[in-house]
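Trainee: Build the complex from these two chains, which are given one at a time in their own frames, with help from the hints.
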Amino acid sequence: DSGVTQTPKHLITATGQRVTLRCSPRSGDLSVYWYQQSLDQGLQFLIQYYNGEERAKGNILERFSAQQFPDLHSELNLSSLELGDSALYFCASSAEAGPNEAFFGQGTRLTVV
Amino acid sequence: GQNIDQPTEMTATEGAIVQINCTYQTSGFNGLFWYQQHAGEAPTFLSYNVLDGLEEKGRFSSFLSRSKGYSYLLLKELQMKDSASYLCAVRDGAGNMLTFGGGTRLMVKP
Chain A
1 DSGVTQTPKH LITATGQRVT LRCSPRSGDL SVYWYQQSLD QGLQFLIQYY NGEERAKGNI
61 LERFSAQQFP DLHSELNLSS LELGDSALYF CASSAEAGPN EAFFGQGTRL TVV
Chain B
1001 GQNIDQPTEM TATEGAIVQI NCTYQTSGFN GLFWYQQHAG EAPTFLSYNV LDGLEEKGRF
1061 SSFLSRSKGY SYLLLKELQM KDSASYLCAV RDGAGNMLTF GGGTRLMVKP
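Just so you know, the sequences run in chain order A and B.
For the first sequence, the positions run 1 to 113 when the numbering used here is used.
For the second sequence, the positions run 1001 to 1110 when the numbering used here is used.
Take the hints with a grain of salt, since some may be wrong.
Straight-line alpha carbon distances no greater than 20 Å define the calculated EDC-like cross-link-like pairs of lysine to aspartate or glutamate that follow [stated by the list, open to error]:
| hint | chain 1 | residue 1 | chain 2 | residue 2 |
| --- | --- | --- | --- | --- |
| 1 | B | Lys1081 | A | Asp1 |
| 2 | B | Lys1057 | A | Glu101 |
| 3 | A | Lys9 | B | Glu1041 |
For the chain B half of the interface with chain A, some residues (derived, Cβ under 7 Å), not all of them [stated by the list, open to error]:
| hint | residue |
| --- | --- |
| 4 | Pro1043 |
| 5 | Phe1045 |
| 6 | Asn1096 |
Derived CB-CB ranges, DEER-like [stated by the list, open to error]:
| hint | chain 1 | residue 1 | chain 2 | residue 2 | range |
| --- | --- | --- | --- | --- | --- |
| 7 | A | Thr20 | B | Thr1013 | 42 to 50 Å |
| 8 | A | His10 | B | Ser1027 | 35 to 43 Å |
| 9 | B | Gly1040 | A | Thr13 | 14 to 22 Å |
What the hints contain is simulated information worked out from the structure, not anything from laboratory work.
All values reported here derive from a predicted model rather than from experimental measurement.
Heads up, the beta-carbon is just placed ideally off N, CA and C, and yes, glycines get one too.
Chain B on its own, in the form it takes in the complex (with noise of 0.2 Å):
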């Protein structure tokens, strides 16, 4: 099975950075997924690890060790509608399932 923690709720300023911290305890792994979720919508792809390392993506970027378990999301010059719930989601060995964490709510204020 897959456990998946990450902070239930963050708080930031316009024009700042944050770190969403993820970690995992999975029986297999084939993948760590981020994904954004505005209130009562469909959740939308940001990244997609799996190697060790940082993928850089405009604002976003995330970061990978396999060997401790543990990702973050990294953003970058904060706005206002980056206010939403940042899901990690880890692919099991065999790759069919996705499993959620609970998701982080966050919160940017001007």
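The following block holds chain A by itself, in its conformation from the complex (with noise of 0.2 Å):
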């Protein structure tokens, strides 16, 4: 057990709606990252966020934002969903604004039919 934690672990919906992902980084744990795993694209780096800042953004489409709680839990919401989007979606955090060893939260699959 990594420590962080994601909800739901499975979600399936209809194209054209919208999805809120729920990640709790490791106690203690100040930034918390977003990544997209799908089967042809591999770990991409969505967005980064440390003590409730934006830090970093990577291939992020602009039907998704996220957000950094003063709790430092973190959401991520997806909208306006496509097939294209089923993936899975994992949350990481790490002690320090850079990854110095990232844990990763078991994820969420997402499938939109």
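Mentor: Here you go:
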């Protein structure tokens, strides 16, 4: 158990809908990272927050947004969902701003039908 | 940006040694990570190199040459449970983004 908690574990929704994925980092970790992993794309960095502030942004679509709350948990919002958004979404956390030994949650498997 | 290359698949025999290579081209570099990922599970941290040379941790070792943009992960005394994907990842110069390669799927056969 990495100490990073993601909910829900599985999510099935229809095209055009909006979903929210939740991540609780390890106790004491200030950084949260979001990654998308689909079969043909590998693990893609989406966005990073550090102590509530956006720190780095990767290939995140405009339909996607994220935030980190004062209690350091984070949410990833995916809207206007398309079939191609079906993937595993991982959250990782680390103590510092740079991902020294980032710890990954078990992921949320999103299926868009 | 970052460009990270590693072989897609490898096969090895139980008890043997296997070396998984990773080459990278980056606009900035602040460390290289190796992660193990079993199918459908979360990646788990294996090793971290920021200076040139070999880091050994039990059956696993990782090597880095920054001048060549090259790293490898060496797995010794292979076990069936080592069948997994091995992900090479590079941290950018700002120390924020961790960019992953496509992963190498290793199959260990009896």
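Trainee: All hints are to be evaluated individually against the structure, with a verdict given for each.
Mentor: Hints and how they fare:
no.: 1; hint: Lys1081(B) with Asp1(A); verdict: 18 Å, holds
no.: 2; hint: Lys1057(B) with Glu101(A); verdict: 15 Å, holds
no.: 3; hint: Lys9(A) with Glu1041(B); verdict: 11 Å, holds
no.: 4; hint: Pro1043; verdict: 5 Å, holds
no.: 5; hint: Phe1045; verdict: 5 Å, holds
no.: 6; hint: Asn1096; verdict: 4 Å, holds
no.: 7; hint: Thr20(A) with Thr1013(B): 42 to 50 Å; verdict: 46 Å, holds
no.: 8; hint: His10(A) with Ser1027(B): 35 to 43 Å; verdict: 37 Å, holds
no.: 9; hint: Gly1040(B) with Thr13(A): 14 to 22 Å; verdict: 19 Å, holds
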